Every structure is written in structure tokens, then in C-alpha cells.
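Put the two chains together into one complex; each comes in its own frame, and the hints tell you how they fit.
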Amino acid sequence: GQQLNQSPQSMFIQEGEDVSMNCTSSSIFNTWLWYKQDPGEGPVLLIALYKAGELTSNGRLTAQFGITRKDSFLNISASIPSDVGIYFCAGQVVSSGSARQLTFGSGTQLTVLP
Amino acid sequence: SQTIHQWPATLVQPVGSPLSLECTVEGTSNPNLYWYRQAAGRGLQLLFYSVGIGQISSEVPQNLSASRPQDRQFILSSKKLLLSDSGFYLCACFFGGAGELFFGEGSRLTVL
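As you go down the protein sequences, you meet chains W and S in turn. In terms of my numbering, the first sequence has 30 at position 30, counting the first letter as 1, and numbering is strictly consecutive. In terms of my numbering, the second sequence has 73 at position 73, counting the first letter as 1, and numbering is strictly consecutive.
For the record, the hints were derived by calculation from the structure and aren't laboratory data. From a predicted model like this one, the values you see are computed outputs, not experimental measurements. Don't take every hint at face value.
[Claimed, not checked] Label-pair ranges, simulated between beta-carbon atoms: (1) W:I13 x S:P14: 21 to 29 Å; (2) W:Q14 x S:S57: 41 to 49 Å; (3) W:Q14 x S:E59: 19 to 27 Å; (4) W:S20 x S:Q70: 42 to 50 Å; (5) S:F95 x W:S77: 25 to 33 Å; (6) S:K79 x W:G53: 44 to 52 Å; (7) W:F12 x S:S58: 35 to 43 Å; (8) S:P14 x W:I28: 42 to 50 Å; (9) W:S77 x S:T10: 31 to 39 Å.
Beta carbons are placed, not taken as given, at the ideal position from N, Cα and C, and that holds for glycine.
Looking at chain S on its own, in the form it has when it is part of the complex (with noise of 0.2 Å):
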């Protein structure tokens, strides 16, 4: 089956501290993978995206930053978070060749 896990679920870090948040996909191969970040229950942010194994395209410069170490894992990290870092995170995946995108069960960041 077609699943999309993400870890860890939550989490509450210190400014400055580092990040890694981590997506794995299953049912699928060689997928197109992105990392969303949804600030105070609204709008979804496209923050990165990937088509293949270390290939990482940046929607938004900023603090963070995406790698793709396997062809279902994509990984969202930071060295040092702000507090501005905040907020809902999301991956997603799109299965078979319909346009249709699904995404995971979210991990929320709060940096205090």
C-alpha cells in the first residue's frame, strides 16, 4: 500500500539548536517528494521539492534546507533554528501517474 510516514510527530526545540525531520515513502518508486510548512493552521509554504536521489530544488531561501539520501527517504533539516521556524511541517508525494498529492500525518516544531 501507498503510505507516507513522517517522525517525529513533535517536537519543541531551543533557538539554535538543530533540526532533522524525516519522511519516508512506501508503495512507490523513484517519486517526485516535497516538504510543506503550514504557519498557524493556514497556507500551506512549499519549502522544497525533489525528483530524484540528491537532486533538491529550494522554493524559499531560508534556514532550512532538504536532502534526498534515498529514493523514498527526504529528509528537512536546519543547524541552527530561529524561533521563526515554528510551525507544521508537511511531506507529500504523488502516487502512480495521476496528478493527485498526498501527504503525510505532519510534524509540528515549536522553537521556544
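So that you can see chain W by itself, here it is in the shape it has in the complex (with noise of 0.2 Å):
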């Protein structure tokens, strides 16, 4: 099946800094999605990819569609506390007459030291 390589799985940065987090695949996929996770809620979206090489900014986050359409990257700039929390990549087949599901990556905590 399809899996996808998260990492890194945890990082501890200083407040004010930039993060930068990355996915691979093994396969190709037609979308990439990038959740954020604070502790005891569910996953919230933060930016969908649809095309390949395509790179979609939301105000302090940016996140782009490999060109090979097989790996994703997420920046975070300028990081603050809040920014505290679990970040999800998921990549997705579109197939015709299937149900849709996304592959999740294993997660990066990211903990900002004041």
C-alpha cells in the first residue's frame, strides 16, 4: 500500500525561527493536504495542493506540490508559541467510482521555546 515518510518527527525550535517539514512517497498522488493538530482536538486543515509544482501560502505557513508529484514540503515562518501542536501531511489518489481516502504521515511535534 501507499505510505508516506514524514520528518522530521519532532523538532524544538526557538520562537522566531523557521520550520520547514517535508513528506515523501513511494507513489504519486493527486493531492497533498497539510492538517495541524492541537493536543485533545481533532486535525485542523491547513493547506490543500492540487497541482503538481504548485506552491500556496496562508499567511505565516507556506507549503508546495513536488514537481514529481510525490513529495510535499510545509514552512512555517517566524514561529510563535501557538504553533505549538502535531502537523499531518496526507497525500491522495483520485480514483473514479472509489471511495476517496487519504495516506497520513506519522506527524511532526513541533515545540516553540520561548
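Encoded structure:
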């Protein structure tokens, strides 16, 4: 089956620093999604990418859909304490006639130190 | 508006007791619905998905079952809970035609 390798597993950074995390796959995806999960809550969608090479920003967040369609990265600029949480990547292969399914990375735990 | 409601939010149950977690969605019709489990605050494991009323697909054979009695209702059940069933259970749904999966608030299950 499809697998996503997400790295790093965890990060400890100083407030104000930039953050970068990425996901790679052995399979091609049509869609890449990035989520953030706060403790005790469901994941919240941050950015959705639909085209190879697409670069999309959402405030201090920037994500890119890799040209090969097998990878994606998420950057967070000028981190703040509320950026703490677990970040998940997810890839989707859209095929007609079947239920949509996402393959999730294992998550990156981000800690922002004051 | 499009929303996903899960309840209960937290549940503490003894081993061997039954379980029922409920998920309802609003603002869409004939959605694809999903149950995920998350252990130890990390990876998301797909348990069940449903493309319509009465249609359930299981991804992982285990002690749990799912049902979809109505278009926008998805229920996760167990007849006898195991310690290993503890975790954070998330209901999810695709809204609209975009490939964006949205999650409910989650239900925290502790089996003692």
C-alpha cells in the first residue's frame, strides 16, 4: 500500500525561527494536504495543494506540491508559541468509482521554546 | 454551514463493556464518512469508511464495528471493549467536490 514518510518526527525551535517539514512517498498523489492538531482536538486543515509544482501560502505558512507528485513540504516562518502542535501531511489519489481515501504521514511534533 | 459533531467527547469504560460513539454531519448530503483512531497523540489509523447508508468498509480487523443508519450519521461500536481500544477516535468527512477531508472534535476513550 501507499506510505508516506514524514520528517522530522519532532522539532524543538526557538520562537521566531523558521520551520520546515516534509513528506515523501513512493507513490504519486493528486492532492497533498497539511493539517495541524492541537492537544485533545481534531486535526484542522491548513493548506490543500492540487497541482504539481503548486506553491500556496496561508499567512506564515507556505506549502509546495512537489514536481514529481511524490513529495510536499510545509514551511512556517517566524514561529510563535501557538504554532505548537502536531503537523500531518496527507496525500490522496483520486480515482473514479471508489471512496476517497487519504494516506497520512506519521506527524511532526513541533515545540516552540520562548 | 458544514460541521461534524462527535459525542461523547470523553468516555471512561471498563474492559468488557459495550461502546457507542456517534458522529453526525451537517451541511452536506451523501458524504463519504470515516472513522480514524489515534493512539498516543500520533499517527492516524483508518478504521472504517462508508460511501452510503448501510455501506461499511473495514480497513483493520478488530474488536470494533461501524454502522451508518442514516445518510449523515456514522456510529462506531463494540460489544466488549479491550484495553487496547483506548485512544482518540476521530470522525471525518469530505465536504463538497474538493479533496479536502475535515475532522470532528474527537472522542477520547479510556478503557480501564
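Evaluated hints:
| no. | hint | in the structure |
| --- | --- | --- |
| 1 | W:I13 x S:P14: 21 to 29 Å | violated (42 Å) |
| 2 | W:Q14 x S:S57: 41 to 49 Å | holds (45 Å) |
| 3 | W:Q14 x S:E59: 19 to 27 Å | violated (40 Å) |
| 4 | W:S20 x S:Q70: 42 to 50 Å | holds (44 Å) |
| 5 | S:F95 x W:S77: 25 to 33 Å | holds (29 Å) |
| 6 | S:K79 x W:G53: 44 to 52 Å | holds (50 Å) |
| 7 | W:F12 x S:S58: 35 to 43 Å | holds (38 Å) |
| 8 | S:P14 x W:I28: 42 to 50 Å | holds (46 Å) |
| 9 | W:S77 x S:T10: 31 to 39 Å | holds (36 Å) |
Hint compliance for this structure: hints 1 and 3 are not met, and every other hint is.
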